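There are 2 protein chains.
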Amino acid sequence: MPPTMAAPPAIKELPEPPGLPEPLPEPAAEDLRLETILGALSDPLRLRIVQKLLLERERFDHPCGWFGIDRPKSSLTHHFKALREAGVIRQRQYGLERRSHVRRTDLDARFPGLLELVAAWTPDAP
Amino acid sequence: MPPTMAAPPAIKELPEPPGLPEPLPEPAAEDLRLETILGALSDPLRLRIVQKLLLERERFDHPCGWFGIDRPKSSLTHHFKALREAGVIRQRQYGLERRSHVRRTDLDARFPGLLELVAAWTPDAP
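The listed protein sequences derive, respectively, from chains P and W.
If you're matching positions, the first sequence starts at 1 in this note's numbering and goes up one per residue.
If you're matching positions, the second sequence starts at 1001 in this note's numbering and goes up one per residue.
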């Protein structure tokens, strides 16, 4: 029998390795705005990106190819940029590749519970 | 000396009085979508409306005049409707007046922690 309430999915934590490239431009932690972050997350594709980073990350940060999303590269670039500019993800340039991870420490400190909502999100039935 | 972390603001609970008019059309609790709700809340004015209902309610539900927001009536009507259609607030028609309250039970069950984020929101400095 299923339990009456499922345990929340576990968010994976990986330590930051040394010697990473500088992050791309992003808002400082103290400048994060809830309304801006909610806007950036009000899209199923972006929720999917952030949820996959939270629950399935295998390395410190991941390029957009890792997500397995069947969309044009320019569209993905736009969505990742919107998440970065809102302060949800941090992006770094590794040569030709841009990799992302969630700004978990900053978001947990400013908006406790927000990432748990994203982790627990279920996509609409197709 | 201020504490290092402020206590979260208290959300006010008021019982539903008997004999209320039927709610205006709204999504059922099981049809609430996180992405839609985040989109409806991604606006400072809407966050202000929901936060005031959560923290300062004096009656079960309130007409838009109670909020003291200096905007045209048509603009306010639009914002309240967007919040209702996303499932954040419930609205009822009392004669000529439309009153609102937050769907706290539904939102707490589906998206635990979401309303606490709204309650703790601080508007940007003007």
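These are calculated hints, taken from the structure and not from any lab test.
All figures in this text were calculated on a predicted structure; none of them were measured in a lab.
Treat the hints with care, as some may be off.
[Claimed, not checked] Computed spacing ranges between beta-carbons, pair by pair: (1) W:Gly-1065 - P:Leu-96: 21 to 31 Å; (2) P:Ala-7 - W:Lys-1012: 44 to 54 Å; (3) P:Gly-65 - W:Gly-1095: 30 to 40 Å; (4) W:Ala-1007 - P:Pro-17: 21 to 31 Å; (5) W:Arg-1071 - P:Gly-65: 38 to 48 Å; (6) P:Gly-68 - W:Gly-1019: 50 to 60 Å; (7) W:Lys-1012 - P:Gly-65: 46 to 56 Å; (8) W:Lys-1073 - P:Asp-124: 32 to 42 Å; (9) W:Leu-1096 - P:Gln-93: 50 to 60 Å; (10) P:Gly-95 - W:Pro-1008: 40 to 50 Å.
All residues carry an ideal CB built from backbone N, CA and C; glycine is no exception.
Hint check results:
For Gly-1065 (chain W) paired with Leu-96 (chain P), a C-beta distance near 57 Å fails the hint of 21 to 31 Å. For the pair Ala-7 (chain P) and Lys-1012 (chain W), the beta carbons lie near 30 Å from each other, so the given range of 44 to 54 Å is not met. Against the hinted window of 30 to 40 Å, the Cβ-Cβ separation of Gly-65 (chain P) and Gly-1095 (chain W) comes to about 59 Å, which falls outside the hint. Take Ala-1007 (chain W) and Pro-17 (chain P): their Cβ atoms lie about 37 Å apart, and the range 21 to 31 Å is violated.
In this structure the hint that Arg-1071 (chain W) and Gly-65 (chain P) lie 38 to 48 Å apart at CB holds, the actual value being about 45 Å. Taken as a hint, the range 50 to 60 Å holds for the pair Gly-68 (chain P) and Gly-1019 (chain W), whose Cβ atoms sit roughly 54 Å apart. For Lys-1012 (chain W) and Gly-65 (chain P), the hinted distance range of 46 to 56 Å is satisfied, since their beta carbons lie about 48 Å from each other. Taking the beta carbon of each, Lys-1073 (chain W) and Asp-124 (chain P) are about 34 Å apart, inside 32 to 42 Å as hinted.
A hinted range of 50 to 60 Å for the beta carbons of Leu-1096 (chain W) and Gln-93 (chain P) is consistent with their spacing of about 59 Å. For the pair Gly-95 (chain P) and Pro-1008 (chain W), the supplied restraint of 40 to 50 Å holds, since their beta-carbon distance comes to about 44 Å.
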